[in-house]
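**Student:** Given these sequences and hints, build the entire structure.
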Amino acid sequence: MSTVNRKLQYSLAINEALHQMMESDESVFLIGQGVKSPWYVGNTSQGLLQKFGTNRVIDTPVSENAITGAAVGAAIAGMRPVVVHPRMDFMLYAFDPIINEAANWHYMCGGKSTVPVVFWGIINRGGEQAAQHSQALHALFAHVPGLKVVMPSTAYDAKGLMIAAIRDDNPVIYIDDRWLYRHEDTVPEEVYEVEIGKGIIRRKGTDITLVAVSYMAYEAVKAAQELEKEGIDAEVIDLRSVKPLDKGLLLQSVKKTGRVVIADGGWKTCGVASETSALVSENGFEYLKAPIRRVTLPDVPAPASSQLEKHYYPTYQNIIDVVREIVS
Amino acid sequence: MKYSKNFLKKLYQTMVRIRLCEESFVEPILNGEVRCPCHLYSGEEAIATGVCAALDEKDYVFGNHRSHGHYLARVGGMSELVAEIYGKETGCSRGRGGSMHLIAAERGMLGAAPIVAGTISLAVGAALASKIREDNRVTVSFFGDGAAGEGVLYESLNFASLKKLPIIFACENNLYSTHMPIRECRLKNNIFEIGKPFCIVSSKIDGNDVLKVYEAAKKAVEACRKGEGPVFLECMTYRFRGHVGADDNIQGTHTDIRPKEEIEKWLKKDPIKRFERFLLKTKILKGEDLINIKKEAEDEVSEAHAFAKNSPYPEKGELARYVYSE
Ligand SMILES: Cc1ncc(C[n+]2csc(CCOP(=O)(O)OP(=O)(O)O)c2C)c(N)n1
Ligand SMILES: [Mg+2]
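For the protein sequence lines, the chains are A and B, in the order given. Here our numbering is used: the first residue of the first sequence is 1, the next is one more, and so on. Here our numbering is used: the first residue of the second sequence is 1, the next is one more, and so on.
One thing to keep in mind: the hints can contain errors.
[Said to hold, decoys possible] Once the Cα atoms are required to be at most 27 Å apart in a straight line, the calculated DSSO-like pairs of lysine-lysine come out as:
(1) 163(B) to 219(B)
(2) 131(B) to 310(A)
(3) 131(B) to 164(B)
(4) 5(B) to 188(B)
(5) 268(A) to 316(B)
(6) 273(B) to 222(A)
(7) 268(A) to 255(A)
(8) 295(B) to 273(B)
(9) 58(B) to 5(B)
(10) 131(B) to 196(B)
(11) 212(B) to 2(B)
(12) 36(A) to 295(B)
(13) 164(B) to 212(B)
(14) 188(B) to 36(A)
(15) 9(B) to 196(B)
(16) 316(B) to 310(A)
(17) 5(B) to 273(B)
Since the hints were made in silico from the structure, they are not lab data.
**Tutor:** Below, the structure written as structure tokens:
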């Protein structure tokens with residue numbers, strides 16, 4: 001089999017990135033709750049403990065604040081830690097080391113110290129897990145100066161962005177989604193980076209730009225395929241990084257299509273969709289032929305009941321409905 | 001005998017209600033009827049039962065992710081519990097919260113939430129409210145051994161002690177925090193000692209002995225009412241099922257890594273069987289009394305499931321209801 005076309009699962013692409021980075025750089029280590037338990041992190045950490053030992057693959061007590069702070073401190077002291085939170089919801093205990101310390105550190109030290117740490121948070125939702133076990137909090141982090149925020153939607157990007165995040169001298173929030181873990185695509189075996197801050201066009205089109213991130217990028221492509229049947233030719237941009245946003249790519253596309261729908265799996269207010277929308281209207285207002293529209297979660301906590309859950313998470317159908325409203 | 005027959009019978013009934021209710025979820029979990037993650041309390045019944053028996057109706061309780069037992073011991077309605085787990089509008093949290101968010105505020109069960117240690121400081125706040133209002137209530141915070149990893153517990157202990165708040169920190173030490181045995185979380189299995197540097201009266205008790213739990217809780221409640229709180233109780237116990245779901249703990253299943261011999265050892269310490277032996281030996285109840293109590297509980301459980309199944313789901317149009325109080 002040619003290695004060029006090797007297919008790999010999203011979760012295993014993360015796993016491969018971790019293996020390769022830990023092998024090539026002794027300062028890289030993995031710490032966090034559940035790193036040795038597939039129940040927590042799927043197969044993203046498989047084989048790491050066996051290969052690198054308990055010194056560099058550290059499962060921890062339930063102590064998010066201290067463990068995350070320890071990762072930040074280790075980074076300041078010259079290591080390149082990856083600290084995993086098996087659910088983003090649990091990261092809220094770690095806001096202080098992430099925001100007050102890591103994000104501000106380089107600036108408040110006048111550039112004399114760097115914090116090369118990856119804060120890896122997993123979105124794990126659905127299945128009636130309710131409000132504290134479902135949250136997608138990327139927008140909260142994107143708000144903070146000093147942090148970069150990446151959200152891969154493909155296995156290729158999952159690997160390339162993890163490598164880029166580990167190599168970056170700044171704190172990077174790396175957010176993956178359990179709903180993507182079984183998705184498969186072509187992943188090169190060699191070490192490569194996906195540049196942080198660069199989006200990608202998943203489908204070329206001329207009538208409308210669908211901007212999406214993480215899981216919603218799949219839904220946007222599905223929506224575009226359906227819309228094609230109705231004669232609507234949608235371009236799909238997968239942001240990949242929500243901070244920094246790929247302004248150039250967005251504006252180029254909007255210039256061509258004049259219409260934008262943004263799909264995000266986070267809440268609506270002050271979310272990634274709001275920021276993207278503001279960026280387009282500030283910089284590309286003259287291209288717009290219709291109002292910018294957002295497809296997001298409603299501003300509601302995640303419900304438990306499956307009957308409410310069904311209507312809570314946006315799908316390609318919601319994207320299609322909105323597109324039909326603005327392309328007439 | 002220090003206790004009335006009625007009182008002892010009630011303790012037994014409560015434990016049996018909890019056990020049978022918990023075990024009734026196994027089948028629906030396995031066949032997919034219940035999808036909501038359930039952290040079953042089987043094996044730990046003596047703690048909720050003993051502690052809640054020491055409380056007055058006006059007192060407060062906060063739970064965690066494994067709170068079906070706390071809720072039932074606080075006499076929350078079983079039907080509303082089961083309905084909640086089925087995601088129904090008639091559930092105690094109207095189907096919005098599921099298994100991990102149980103409330104019976106009218107019974108002093110002020111809520112439960114699965115963020116580990118998340119409700120400990122809330123319980124401190126409820127105790128603070130009692131102190132400010134001088135209403136002589138006691139608050140119980142139930143949490144697991146895993147919560148002893150979180151810093152907020154230590155901050156809560158200090159503040160509660162500093163302000164002499166009427167709160168009982170009830171740590172249910174079942175020796176595991178998901179996949180982590182306690183030896184991988186702390187060097188010594190001595191959680192109760194964390195109360196001591198904060199000058200909190202702290203002890204370790206057999207959490208599978210309902211009378212021992214009750215006696216310790218009774219003393220703790222009395223101390224709290226006299227303004228001599230807080231009190232820390234570490235209750236040693238063991239869960240009979242896996243961390244979450246119906247998992248039977250056999251090595252290699254998804255959440256569990258517990259040795260078979262250890263499980264067998266603890267099954268022998270089943271708090272319900274132990275109490276049964278005591279009740280029979282002391283002739284407080286007869287074999288047929290026990291059977292009748294089980295039968296009653298079985299009926300209650302069946303009725304609760306029937307109620308839940310026949311209840312409506314929340315309306316789609318009400319998705320955004322309850323985000324704010326209106
Ligand atoms: C802040 C936070 N981190 C991690 C988790 C995942 N988690 C759920 S239950 C649990 C372990 C709890 O162990 P313990 O407190 O001993 O309670 P038990 O399940 O044994 O009753 C963990 C770590 C969580 N819910 N919240
Ligand atoms: Mg435990």
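**Student:** So, for every hint listed, does it hold in this structure?
**Tutor:** Hints, verified against the model:
| no. | hint | verdict |
| --- | --- | --- |
| 1 | 163(B) to 219(B) | holds (20 Å) |
| 2 | 131(B) to 310(A) | violated (44 Å) |
| 3 | 131(B) to 164(B) | holds (9 Å) |
| 4 | 5(B) to 188(B) | violated (40 Å) |
| 5 | 268(A) to 316(B) | holds (19 Å) |
| 6 | 273(B) to 222(A) | violated (57 Å) |
| 7 | 268(A) to 255(A) | holds (25 Å) |
| 8 | 295(B) to 273(B) | holds (16 Å) |
| 9 | 58(B) to 5(B) | holds (24 Å) |
| 10 | 131(B) to 196(B) | holds (22 Å) |
| 11 | 212(B) to 2(B) | holds (13 Å) |
| 12 | 36(A) to 295(B) | violated (44 Å) |
| 13 | 164(B) to 212(B) | holds (25 Å) |
| 14 | 188(B) to 36(A) | holds (22 Å) |
| 15 | 9(B) to 196(B) | violated (35 Å) |
| 16 | 316(B) to 310(A) | holds (9 Å) |
| 17 | 5(B) to 273(B) | holds (18 Å) |
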